[in-house]
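Asks: Below are the chains, spelled out letter by letter.
Number of protein chains: 2
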Amino acid sequence: MRVLVIGANGKVGKHIVDKLSDYGHEPVPMVRDTDQFPHFEEKGHKPVLGDLEKDFDSAFYNIDAVIFAAGSGPHTGADKTILIDQEGAIKAIERSKYFGIKKFVILSSIAADRPESTPDTIKHYMFAKHRADEHLKQSGLTYTIVRPGILTNNSGTGKVKLQKHVPGFEKIPREDVAETISFLLSESQALNKSFDLVSGEQRIQETLTN
Amino acid sequence: MRVLVIGANGKVGKHIVDKLSDYGHEPVPMVRDTDQFPHFEEKGHKPVLGDLEKDFDSAFYNIDAVIFAAGSGPHTGADKTILIDQEGAIKAIERSKYFGIKKFVILSSIAADRPESTPDTIKHYMFAKHRADEHLKQSGLTYTIVRPGILTNNSGTGKVKLQKHVPGFEKIPREDVAETISFLLSESQALNKSFDLVSGEQRIQETLTN
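Chains as they are written, first to last, in numbering that gives the first Met the number 0: chain B, 0 to 209; chain F, 0 to 209.
These are calculated hints, taken from the structure and not from any lab test.
Hints are supplied without guarantee of correctness; some may be wrong.
If chains are identical, the list can't say which one is meant, so a pair holds when it fits in one copy or spans any two.
The calculated lysine to aspartate or glutamate pairs, modelled on DMTMM-like cross-linking and capped at a C-alpha distance of 20 angstroms, are [to be verified]:
#, residue 1, residue 2
1, Lys53, Asp119
2, Lys136, Glu93
3, Lys192, Asp21
4, Lys42, Asp21
5, Lys79, Asp119
Here the structure is a predicted model, which is why all the values come from computation and not from measurement.
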């Protein structure tokens, strides 16, 4: 599939572009600035320009599936949490409906399905992620929601715990998140499902076989 | 009707409590702190305790209609915009469904139906208000959405412009907003409709007759 990666320049996004290739897909990295092109071009990809806060319709040309991995990051205010994490996602979902996208995978966060139970310092963020996930569920698009635990920059191990619900806030390397998303993209058992995802004992390719 | 006023201690909320009485309703002011009780008790009302960020189910006892006039105010961050203006409203809508509330009126903001067109400084706020309004529209509740222009503390004139859409950002006294909401509450022509509201030339009671 030709897969638009929204937020490709992020830490997880870059891994996703790499892993999609490993899994036989053609990633189309969407970035905000041509300065971000060389990183992807050097790997043989053809990035497209698109700004979540403006117009990014042209990025959908000839796209089969969308992975939403954008986030405003830890150094911006809650205003950007609304504009990027929540509204950027909702806009991407709406435009995906318009363009007839076959599959939409969203990178959410552990606890985004239970925002009211999270600490006050992150509660607004969890509610914003929750709204985006809920919008996707009700969009009519074929979706998969992946809610990873606390992200680390460690190398991937290829082994995870992928379940409907994992208690607490365990960790997981960004590389393993990216591989799991790339794996789930074309798995029929992941259609219209939501998962928590943390490091574990099961090989990624075997997570749906039990 | 017995009308739960969420955000009763706010500037518009206090006017709403007064105007509801003028229009023959029984206001039930919901406030966060018993310190806020005397203001309402002195006027013969019976306030109830409820915190939008926690539990406020007990406030719904014997309530017919809900007016949502809460807002995090201009001195808090965008995190509170998410938690109060957006999520507080969504929670109030959901609890109103649960309790079989007959009518839900939300105090929105002019331009909340076109957030993408607003200045960057207020865009996140407009999107949060927009999400709350959209949630109400799709809730199945009988609703009225009122989007006032820039609020002033001037005395009410009793004359407004109430239309589906008013361009720009005109002003309106909070007292006139409160009276318009109180008037619309039991008007069948306002059911499941949304209005912009600014100062104008038409008497409030005649706004739906043209």
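Asks: Next step is simple, just say for each hint if it's right about the structure.
Replies: Structure-based check of all given hints:
1. Lys53 to Asp119: Answer is between: at 12 angstroms across copies they meet the 20 angstroms cutoff, but 31 angstroms inside does not.
2. Lys136 to Glu93: both (12 angstroms within a copy, 17 angstroms between copies)
3. Lys192 to Asp21: neither (23 angstroms within a copy, 52 angstroms between copies)
4. Lys42 to Asp21: within (12 angstroms within a copy, 71 angstroms between copies)
5. Lys79 to Asp119: both (18 angstroms within a copy, 11 angstroms between copies)
Taken one by one, the earlier hints fail for this structure only at number 3.
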